[in-house]
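Participant: One letter stands for each residue in the lines below.
Protein chains: 2
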Amino acid sequence: MDITEYMQDIGRRARAAARDMARASTAAKNRALAAIADNIDAAQSELLAANARDLADARARGLAEALIDRLTLNPARVTAISDGLRQIMTLPDPVGTITDLAYRPSGIQVGRMRVPLGVIGIIYEARPNVTADAAGLCIKSGNAAILRGGSEALHCNKALAACVHAGLAAAGLPADGVQIVGTTDRAAVGELLRMKENVDIIVPRGGQSLIDRVMQDSLVPVIKHYAGVCHVYIDDSADFEKTFAVALNAKTHRYGTCNTMETLLVSEAIAPRILPPLALLYRDKGVELRGCTATRAILPDAVLATDEDWRTEYLAPILSIRVVAGLDEAIDHIYRYGTGHTDAIMTEDITRARRFLREVDSSSVMVNASTRFADGYEYGLGAEIGISTDKLHARGPVGLEGLTSQKYVVLGDGHVRA
Amino acid sequence: MDITEYMQDIGRRARAAARDMARASTAAKNRALAAIADNIDAAQSELLAANARDLADARARGLAEALIDRLTLNPARVTAISDGLRQIMTLPDPVGTITDLAYRPSGIQVGRMRVPLGVIGIIYEARPNVTADAAGLCIKSGNAAILRGGSEALHCNKALAACVHAGLAAAGLPADGVQIVGTTDRAAVGELLRMKENVDIIVPRGGQSLIDRVMQDSLVPVIKHYAGVCHVYIDDSADFEKTFAVALNAKTHRYGTCNTMETLLVSEAIAPRILPPLALLYRDKGVELRGCTATRAILPDAVLATDEDWRTEYLAPILSIRVVAGLDEAIDHIYRYGTGHTDAIMTEDITRARRFLREVDSSSVMVNASTRFADGYEYGLGAEIGISTDKLHARGPVGLEGLTSQKYVVLGDGHVRA
Numbered sequence: 000m001d002i003t004e005y006m007q008d009i010g011r012r013a014r015a016a017a018r019d020m021a022r023a024s025t026a027a028k029n030r031a032l033a034a035i036a037d038n039i040d041a042a043q044s045e046l047l048a049a050n051a052r053d054l055a056d057a058r059a060r061g062l063a064e065a066l067i068d069r070l071t072l073n074p075a076r077v078t079a080i081s082d083g084l085r086q087i088m089t090l091p092d093p094v095g096t097i098t099d100l101a102y103r104p105s106g107i108q109v110g111r112m113r114v115p116l117g118v119i120g121i122i123y124e125a126r127p128n129v130t131a132d133a134a135g136l137c138i139k140s141g142n143a144a145i146l147r148g149g150s151e152a153l154h155c156n157k158a159l160a161a162c163v164h165a166g167l168a169a170a171g172l173p174a175d176g177v178q179i180v181g182t183t184d185r186a187a188v189g190e191l192l193r194m195k196e197n198v199d200i201i202v203p204r205g206g207q208s209l210i211d212r213v214m215q216d217s218l219v220p221v222i223k224h225y226a227g228v229c230h231v232y233i234d235d236s237a238d239f240e241k242t243f244a245v246a247l248n249a250k251t252h253r254y255g256t257c258n259t260m261e262t263l264l265v266s267e268a269i270a271p272r273i274l275p276p277l278a279l280l281y282r283d284k285g286v287e288l289r290g291c292t293a294t295r296a297i298l299p300d301a302v303l304a305t306d307e308d309w310r311t312e313y314l315a316p317i318l319s320i321r322v323v324a325g326l327d328e329a330i331d332h333i334y335r336y337g338t339g340h341t342d343a344i345m346t347e348d349i350t351r352a353r354r355f356l357r358e359v360d361s362s363s364v365m366v367n368a369s370t371r372f373a374d375g376y377e378y379g380l381g382a383e384i385g386i387s388t389d390k391l392h393a394r395g396p397v398g399l400e401g402l403t404s405q406k407y408v409v410l411g412d413g414h415v416r417a
Numbered sequence: 000m001d002i003t004e005y006m007q008d009i010g011r012r013a014r015a016a017a018r019d020m021a022r023a024s025t026a027a028k029n030r031a032l033a034a035i036a037d038n039i040d041a042a043q044s045e046l047l048a049a050n051a052r053d054l055a056d057a058r059a060r061g062l063a064e065a066l067i068d069r070l071t072l073n074p075a076r077v078t079a080i081s082d083g084l085r086q087i088m089t090l091p092d093p094v095g096t097i098t099d100l101a102y103r104p105s106g107i108q109v110g111r112m113r114v115p116l117g118v119i120g121i122i123y124e125a126r127p128n129v130t131a132d133a134a135g136l137c138i139k140s141g142n143a144a145i146l147r148g149g150s151e152a153l154h155c156n157k158a159l160a161a162c163v164h165a166g167l168a169a170a171g172l173p174a175d176g177v178q179i180v181g182t183t184d185r186a187a188v189g190e191l192l193r194m195k196e197n198v199d200i201i202v203p204r205g206g207q208s209l210i211d212r213v214m215q216d217s218l219v220p221v222i223k224h225y226a227g228v229c230h231v232y233i234d235d236s237a238d239f240e241k242t243f244a245v246a247l248n249a250k251t252h253r254y255g256t257c258n259t260m261e262t263l264l265v266s267e268a269i270a271p272r273i274l275p276p277l278a279l280l281y282r283d284k285g286v287e288l289r290g291c292t293a294t295r296a297i298l299p300d301a302v303l304a305t306d307e308d309w310r311t312e313y314l315a316p317i318l319s320i321r322v323v324a325g326l327d328e329a330i331d332h333i334y335r336y337g338t339g340h341t342d343a344i345m346t347e348d349i350t351r352a353r354r355f356l357r358e359v360d361s362s363s364v365m366v367n368a369s370t371r372f373a374d375g376y377e378y379g380l381g382a383e384i385g386i387s388t389d390k391l392h393a394r395g396p397v398g399l400e401g402l403t404s405q406k407y408v409v410l411g412d413g414h415v416r417a
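Line by line, the protein sequences are chains A and H. As numbered in numbering that gives the first Met the number 0, residues 0 to 417 make up the first sequence, in order. As numbered in numbering that gives the first Met the number 0, residues 0 to 417 make up the second sequence, in order.
Keep in mind that a hint or two might mislead.
Same chains, same label: a pair holds when it works inside one copy or across any pair of copies.
Unchecked claim - Think about it this way: if two alpha-carbon atoms lie no more than 20 Å apart in a straight line, the pair counts; the simulated EDC-like pairs of lysine to aspartate or glutamate are: (1) 223 / 1; (2) 241 / 412; (3) 241 / 307; (4) 195 / 216; (5) 195 / 211; (6) 241 / 45; (7) 241 / 306; (8) 241 / 287; (9) 157 / 238.
None of these hints come from the bench; they were simulated from the model. Keep in mind it's a predicted model, so treat the numbers as computed, not measured.
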């Protein structure tokens, strides 16, 4: 197979299908989502069988257990996938929404209409649920999708693709509205990243090496999720009870998620009082503590943190702690070491809260709340295709709206420019 | 001078200044704008002298008259520049605006705050007014700017830079908030386009060759204005009187602007009745008509249009005309040949108007109004840094809002994720 030719063909089909997807009625898109969900439920045994083949291959190739866990389907996970599609059905259709339609002094009415981006390329790793989630979000937002899943999940993704295509057909939508790259050749990714004419945006979902490769090679604009080195700063005005709850939840609710706190910053005025009880809570959960010199003066058991620690997304039961002079030094630390993901302040002082909200340049900035809230569902987006740490176009959790753009609409009555 | 080193230094300074610009109060930014405007008025004779040097160089190098006209300053143009800055002062400050702040079932409040993009690189050609306009828009939107004007305007741009820097200083803002690349070495542009770490977005303003070069080489995301092949489609339901006014205005109000109509599409049902009187109006203005075979059957004097004509932005008193079967063929033509800039329909039929608005995928889509309205001032943006024909981030006229992004803000009271 000539990979270039194969991918170019996918791109051309996607571009052609994108016109029909953009015009599709809300009812047709919802019919497609319902049909896909039903097809997935009905195909549960085929999906599990396909998954079993993928798992056997993965084990034979000696893949890591964590990866195998992400790859594994079971009846409950299949149901979660179809439920996810039905959830997307219930979300408002953003396409065609007109906002801010107002008369101008010239007499014309000017507003903005939300429109699909066009063709979305999604590159992801093992999880088969991304295939259905991404297809569902692209369908609902009126976009055509090109999905390039991990080679580990190929059989399962092909079985899911059959469910998706049958659902699109049932709703009278083009089969090419969602295409799954049916080759495990890695060159296909390179081709996808160069298809500027026929792909409007690339969304990579996966580990650092995938993101790095996409960033380096893509000629298509990318909405990416980079590392999440998230901070909680405990100001000396913080309420201790709230702080214990938030600082514990932000670190220990789940260790492997991008919105988990990795560095705790503590105002020196309260560090001697708040760090010892906090350390007990963390040690109770088995969290390893690493700290600056001032931290170690209070918590002698903490390992000395290096400059590298401040930059590290542990994704593990490890927490680095730094004592800072106050708000300014906390913001400076976040500016220097943060990744622009999610940062929180614990404070009862409204002036400092306002400064933190304004001055910390991250996709989510919080006051007295756990960084773990940085999530599309928690924010009310209904579903998310990822979390963007970029500034352009979409920032933070990206839902249906992030897969759309706005064009201007102008209504007149024969108006001309003077 | 080592250009790489020189530009890297500019990038680092811009990144550092961007923090202060982002934090600057609305009052400080307005003080800076007022001071810059006053400085420009006070420096009128120096600006004209610097411009005279540029003009002398340009004439010695045999630059085209059109370019020399764009380069030329006179007292009225200097006043227009300072007035433009005072106009930006009056615009609302987008930075810090919080929208959609609402309680979620978990108890947290989630909203979005508008924030500056960071560092904006603007690459432009002869017009010295862009230096002040772009500086003003970047200051008001809380961004740091790196301005790389055309070498033809270097003396004048340096004189304007002095006014800008004195104004920033008067308001307590960092001088590096607006930097002007002080070398005419073309390699500086290449460096700017590769400074991913320290430049957040590139806005090229100029002709096709500049845009092409930026598109090809930029590693930084670009907001660009591509060609404007704008269409007016006259449906058979159109009101003739409105159509005469709009079709004439869209083509003849100004020939050299991007929102000028280049192709007129006419429903075959009314072409025999409307084209002859329209042709008289165009001929009266000296507009050359080129047409498809069906057009020439009605207007025998029209030149036969080639496929190339449908793709051409004439920027001249030339109009191509195509007779189409109806709305579907008109939309197909725009899809195939358009540049996604601005397209209009003339119709009294609300169903066709709704379809045109929804299905034509251009940055501005209009009903019964002249394409010439596609403009930041006409849309109420107050000022524009350009018109984007891209879909991502900003589409259509780009004003202060297009130079910002939105981050999520979350307010809690010790809330944790369950």
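Participant: For every hint, state whether the structure bears it out.
Facilitator: Do the hints match the structure? See the list:
| no. | hint | verdict |
| --- | --- | --- |
| 1 | 223 / 1 | neither (29 Å within a copy, 34 Å between copies) |
| 2 | 241 / 412 | between (59 Å within a copy, 7 Å between copies) |
| 3 | 241 / 307 | neither (29 Å within a copy, 68 Å between copies) |
| 4 | 195 / 216 | both (12 Å within a copy, 14 Å between copies) |
| 5 | 195 / 211 | both (19 Å within a copy, 14 Å between copies) |
| 6 | 241 / 45 | neither (49 Å within a copy, 61 Å between copies) |
| 7 | 241 / 306 | neither (29 Å within a copy, 69 Å between copies) |
| 8 | 241 / 287 | neither (22 Å within a copy, 74 Å between copies) |
| 9 | 157 / 238 | neither (53 Å within a copy, 53 Å between copies) |
Of the hints listed earlier, those the structure fails to meet are numbers 1, 3, 6, 7, 8, 9, in rising order.
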